[in-house]
Every structure is written in C-alpha cells, then in structure tokens.
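Chemist: The chain contents come next:
Number of protein chains: 2
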Amino acid sequence: MSLLQDSDTENFIPTIDDVRDAARQLSGHAVRTPLLESRLLNERVGGRVLIKAEVLQRTGSFKFRGAFNHISRLNKDQLQGGIVAYSSGNHAQGVALAATLNDTTATIIMPADAPASKIANTQKYGASVVTYDRNSGNREAIGEKLCKETGARLVRPYDDPWVIAGQGTTGLEIAEQCREKEILLDAVLAPAGGGGLIAGTALAMKSDMPGAEIYCCEPEGFDDYRRSLISGQREANVPGPTSICDAIVTPMPGELTFPINKELLSGGFAVTDAEVEHAMAVAFSDLKIVVEPGGAVALAAVLSGKFDATGKTITVVTSGGNVDPAAFADIVNRHSV
Amino acid sequence: MSLLQDSDTENFIPTIDDVRDAARQLSGHAVRTPLLESRLLNERVGGRVLIKAEVLQRTGSFKFRGAFNHISRLNKDQLQGGIVAYSSGNHAQGVALAATLNDTTATIIMPADAPASKIANTQKYGASVVTYDRNSGNREAIGEKLCKETGARLVRPYDDPWVIAGQGTTGLEIAEQCREKEILLDAVLAPAGGGGLIAGTALAMKSDMPGAEIYCCEPEGFDDYRRSLISGQREANVPGPTSICDAIVTPMPGELTFPINKELLSGGFAVTDAEVEHAMAVAFSDLKIVVEPGGAVALAAVLSGKFDATGKTITVVTSGGNVDPAAFADIVNRHSV
Numbered sequence: 069m070s071l072l073q074d075s076d077t078e079n080f081i082p083t084i085d086d087v088r089d090a091a092r093q094l095s096g097h098a099v100r101t102p103l104l105e106s107r108l109l110n111e112r113v114g115g116r117v118l119i120k121a122e123v124l125q126r127t128g129s130f131k132f133r134g135a136f137n138h139i140s141r142l143n144k145d146q147l148q149g150g151i152v153a154y155s156s157g158n159h160a161q162g163v164a165l166a167a168t169l170n171d172t173t174a175t176i177i178m179p180a181d182a183p184a185s186k187i188a189n190t191q192k193y194g195a196s197v198v199t200y201d202r203n204s205g206n207r208e209a210i211g212e213k214l215c216k217e218t219g220a221r222l223v224r225p226y227d228d229p230w231v232i233a234g235q236g237t238t239g240l241e242i243a244e245q246c247r248e249k250e251i252l253l254d255a256v257l258a259p260a261g262g263g264g265l266i267a268g269t270a271l272a273m274k275s276d277m278p279g280a281e282i283y284c285c286e287p288e289g290f291d292d293y294r295r296s297l298i299s300g301q302r303e304a305n306v307p308g309p310t311s312i313c314d315a316i317v318t319p320m321p322g323e324l325t326f327p328i329n330k331e332l333l334s335g336g337f338a339v340t341d342a343e344v345e346h347a348m349a350v351a352f353s354d355l356k357i358v359v360e361p362g363g364a365v366a367l368a369a370v371l372s373g374k375f376d377a378t379g380k381t382i383t384v385v386t387s388g389g390n391v392d393p394a395a396f397a398d399i400v401n402r403h404s405v
Numbered sequence: 069m070s071l072l073q074d075s076d077t078e079n080f081i082p083t084i085d086d087v088r089d090a091a092r093q094l095s096g097h098a099v100r101t102p103l104l105e106s107r108l109l110n111e112r113v114g115g116r117v118l119i120k121a122e123v124l125q126r127t128g129s130f131k132f133r134g135a136f137n138h139i140s141r142l143n144k145d146q147l148q149g150g151i152v153a154y155s156s157g158n159h160a161q162g163v164a165l166a167a168t169l170n171d172t173t174a175t176i177i178m179p180a181d182a183p184a185s186k187i188a189n190t191q192k193y194g195a196s197v198v199t200y201d202r203n204s205g206n207r208e209a210i211g212e213k214l215c216k217e218t219g220a221r222l223v224r225p226y227d228d229p230w231v232i233a234g235q236g237t238t239g240l241e242i243a244e245q246c247r248e249k250e251i252l253l254d255a256v257l258a259p260a261g262g263g264g265l266i267a268g269t270a271l272a273m274k275s276d277m278p279g280a281e282i283y284c285c286e287p288e289g290f291d292d293y294r295r296s297l298i299s300g301q302r303e304a305n306v307p308g309p310t311s312i313c314d315a316i317v318t319p320m321p322g323e324l325t326f327p328i329n330k331e332l333l334s335g336g337f338a339v340t341d342a343e344v345e346h347a348m349a350v351a352f353s354d355l356k357i358v359v360e361p362g363g364a365v366a367l368a369a370v371l372s373g374k375f376d377a378t379g380k381t382i383t384v385v386t387s388g389g390n391v392d393p394a395a396f397a398d399i400v401n402r403h404s405v
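Taken in sequence, the protein lines are chains A and B.
Just so it is clear: in the first sequence, position 137 is 205 by the numbering used here, and no numbers are missing.
Just so it is clear: in the second sequence, position 212 is 280 by the numbering used here, and no numbers are missing.
Simulated from the structure, these hints should not be mistaken for lab results.
Quick reminder that beta carbons are idealized off the backbone N, C-alpha and C, glycines included.
Treat each hint with caution, since some may be false.
[To be verified] Simulated restraints, written as ranges between beta carbons of each label pair:
no., chain 1, residue 1, chain 2, residue 2, range
1, A, Asp-254, B, Lys-192, 23 to 29 Å
2, B, Glu-78, A, Arg-402, 43 to 49 Å
3, A, Gly-335, B, Glu-217, 53 to 59 Å
4, B, Ala-209, A, Thr-310, 54 to 60 Å
5, B, Asp-171, A, Thr-310, 47 to 53 Å
So here's chain A without its partners, still in its complex pose (with noise of 0.2 Å):
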C-alpha cells in the first residue's frame, strides 16, 4: 500500500503517526542503532550522555532511514523511471542504497568537492553520480531537469514528509532505548543541515518522552535554524563562511522541517571549527567510534560547554561517520584529548 499515489499529498507536515509508520516501514532494514555511554566522556562534562551512534547505521549516517522510508513505498510504475536526489553525499548514499534495495536506479547529484570516500561510495551503493560547482551550480534546478528529462523521481534529502518521518526514526529508538534502561532525558542535541533528523527525532520524543528539550546543533556561519528558532521566520545564511560540515551547510531552514521543528525546539546552538574537530577527537578516543564533522556538531556543543550538561542526563546525537581517512587523521593528529 503506498501513500505516494497521488503527487498532491506529498507535501504535507508529517506527524508522530508518519513516524510510527517509518518505524515499521524499517523494521528489519534499517539498523537500531546503539546508545552508547563512556564514563571517560561522564566524566568530562560532569554529567551523563548518551551517544546515538548513526555512524553505525547503513551507508554510515542517519540518511538511509529518510531514504528506505520514501523508496520502498514506491510502486513498480513509480520505481520505473529510477530515483534523482541531491546531496553532498549522506543522503547521496542513502538514496543509492534504498534504490538498490528496491531494484531500482539512482542518479545522484553530488557538488565536485564532496569528499571522495562519499562519492565513491555512492556509486559502491550502485548509483551514478553526477557532479557540479557547488558555488555555481543549483542542484535543485539540475534535479528538477533530469526528473523532466527521465521520468526518474526526486527524493529531497530533507523537505519530504517520508523522509522526515524516517529520520524520526531515531528519536523512536532513542525514547525506547532509555526507557529499556529506565532513564528519563532532561535534553536531546542533535546535527541540523535542513532540519530533517532534528524534526523527525523532535516529534518522537515530544511523543514518547516529553520532558525532555530538544536542541538543534549547527557550524558558525551556517546557523540559519538557530536564528529562525529566535526570529520565528526562516532565516537564510549570509554568503562567505566556510566549515569543514560538509554535510550540513544547508542555506536555509527547509520548508516542512521548520513548522515541526519552530514548535517543538527549544533553541540550537553554534560551534566552530576547531570545536567539532575537538569533538571527533573525543568521540575516537573516548567512543572508539569514527565521527565526521557534520555529524560531531552536538557533541562539540556539549564538550565545548556551550550547552551545559553539568548534572544532566543527555542523548547526543553523532549522525554520520563518513570522513575521508587523510582528514580524519589530521584531526585525531591535532587535537590531543
């Protein structure tokens, strides 16, 4: 039974029954992922966190969850024509995963400078990979042309109401997961790029444990969710910074994920560059687990203190894992912890 019949649905603000929904959708496919906890990194923040590692999630970061969740709803028609995403390259491999799980195809949209290992893996995954300038390209307007052109299907990386619902996922299993081991959150900080994860996880908690606030984490210069959460509009990032977050330096927040998100965060916070690299250095060594730089914001707003965890009992969430080698060592190198 899909829900994807009609193309005039598709644009509606999921609910917590849509993530629900997305749980039993993944049920045997997506992987539950561990919360794991390290009295080394207790003792660093003087509190207790709790690591939803989606590093150890298929494709290595929490994307596959939004991307199964939109694909194998499909019919054959619609599977037909193949799949087209965008995305600098966590949704990239997602997508071309999902699609070959469903046997189908996927042509992904990936900025030349993606790091190389998210690009090579996206075609491992089984899809094509088309690349453009980042700084002169739109990769929504090249995804719209190929769709026209092949009767393929766009499946956006965060504005899709499956997709958000999939990444929700996450929260699900967070909820879950304390409740099994009988501990109530007072907070759950997670990455924001266009606000998918963070949404989907928002309206699982705010179901099935309520008292705990949600905060979004993003890089310095890419903190439009933070500054929309303040403004109450959607605010886009000003042109210029740079940051090593390669998968979240979205422009603006996206236009489902900000009614969810406007509702039910508390606020975000901003870290800098030297603060996440801080943070996958922690995560390495305190963790054993490989976090790359998109996915180590909240955790780098927790051990940065801009969060304060003193005394609190936190799930963090570390989203992806996809770093190439040769950078992941400069940073582990750098950064004694």
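Take the given structure of chain A and dock chain B to it, following the hints.
Modeler: Frame of chain A, contents of chain B only:
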C-alpha cells in the same frame, strides 16, 4: 555468594556453566555489544561478515567482561587489600574500572612501552600504574611480590577461570544475536593472546551454535597458539620478532586456556603487520569503528584471504580499540582501501 572462598579451587578449567553464570554476573554491568554488518565489507570478501564490536565494550575492549566477573564475586575481606594485575593495557583498563565499580583499589603492572593512551586511561579509571621493562622485567614475579607485600589479590589476564568465563559471554551474545536474526554461522574468528577470549567464546559457541568452526588469529611471529593447536602441546614463541599488535604478543598459550582451545578450536591463522593495518583501515572506512592492531587480527585473516570467507557467513570479533591517535592516523593515512 562468592565462589572464590577457597583458593584451592581457583585453578579449575571453566565450563559452559561458568560462562552462563558470568552472563548473569555481568548483566546490567557489561555492554551487550552490537553485531555490525557492512554491505561494502561483505562485497570485499564475497561472504557475509558480522562484526562483534568489542571496541564498544566498556573500557574499549572485551577485557572488562572477565575482570568484572572475577572482581565482583569477591567478598569484602578479599577486596580489602585491593587488586593487582599485569597487562599490556586492555586487561589493565578492565581491572581498573571493575575495581573502582566494586569500591576497591587496583595497581596495574604495565610495560613502559605500552601505548600512552592505555596507561593514561588505566589511571583515569582509578588505578595506580607501575611500569616495567618488557625485555628485562618479569611481570608475573613483580605481581606476585606486590601481592605478598600488600595483601592484594592478583587477577591474571587469562589463566583465571572467572576471567575466561567472563570473556566467554562474548560468545553467548554472538550466538544469541545470530539466532535473533535467524543466522547460522559457519565460523567465528577471534584474536588470541593468552587465549582467554577465544576459549570462553568457543565454550559458548560449541554449546549454543555447535555447527560453527572456531579459529584463533595471531600476529606472525607470535603464532604460538596456531602452532600449539597443530602440535597438540603448548609451544612458546621464539624471541626476536616484533609486532604492532601490542595487546596480544604473549609468550605462549595459557595453562587453563589451552586444554579448552585444544579440544574446541579448528585451527589458527597468523597475519602480518601490513595485513593488520589494512584491516584497521577497512574497519574505519566500512564500519566507522576504531580498532587497535591486536583487535584487528581476525578481520585481517579474513580480508587477506588466509581464511576464505567466500560464500560463508561468519562472525569476526574486533576485540579492542585502544590505540594512540598518532598511530591510528598514520595507519589510515597510509592504507587506501
């Protein structure tokens, strides 16, 4: 109820009943580590590889299991003088944390050339560290002397029935996690130093999934277990060779572990440093986990083809992730996978 009241009973060879008893003892204290899978890794070897990620165990290696299983059974009198252990670094951290959790002190005898992070973290977990020269010192003698002087209790790294039984809970979990996924394993491969992990795991697997062959993996030049399984008696390593696998360069099979492994193992594999480094880089890239050299020998045996995984379904134990950042950075930088 302590099983350790009578010191005459301490040198028995554990059975599956002791492993099951250890699982009860560890419940709520040790992590039930995940069984990870990567499509990219499966494609590399042409089979299905499930990674038992003991790098995600408390203290970053399986050693916490055995240490906690021993120390948590001691009564107040036995705990009063504190704990002594000798270790290259992983048993050290496991004992340090287990002692702290059981409200006693620990003194750990470590080689002066152990990875700096292993020494630092042993101290962070609450233990005192005494270093010795790996080439000229005798760690067993230093340990016995310290125990006599202080009334402390020695917890050996592998020739200890509760330690072997504790490590064996790794195997119980592998069998249980595979049954949950309706998977029948063809083989389990795990690293071997003194042979505690592989012995305990073999006890568990031969009881709960008897069809799986069990293999131990070691560094070249330190393949005492592989050779001992062939000859049928405990063979020592010849002095001279070096290895990056600091965790498992033990001199010969343990007295208590060898009878178990001689009966239950199908054989062993020896891998080179280069094969180990390649395996660490693959674990970084495909699995997003940090594996130390000694923890990667079983994965190296599979990736090198020394164990042919084609068409098979196997579990590989990655037993520890305690590696210095500079060493890890150098390795992932040099190995393109």
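Chemist: Each hint should be assessed against the structure and marked as holding or not.
Modeler: Hints, one by one, checked against the model:
1. Judged by the Cβ atoms, the range 23 to 29 Å given for A:Asp-254 and B:Lys-192 holds: they are separated by roughly 25 Å.
2. Roughly 48 Å separates the CB atoms of B:Glu-78 and A:Arg-402, a value that falls within the hinted 43 to 49 Å.
3. Hint check: A:Gly-335 to B:Glu-217, Cβ distance near 57 Å, so the stated range 53 to 59 Å holds.
4. The supplied range of 54 to 60 Å is met by B:Ala-209 and A:Thr-310, whose beta-carbon atoms lie about 58 Å from each other.
5. The hinted window of 47 to 53 Å between B:Asp-171 and A:Thr-310 holds, with their beta carbons roughly 51 Å apart.
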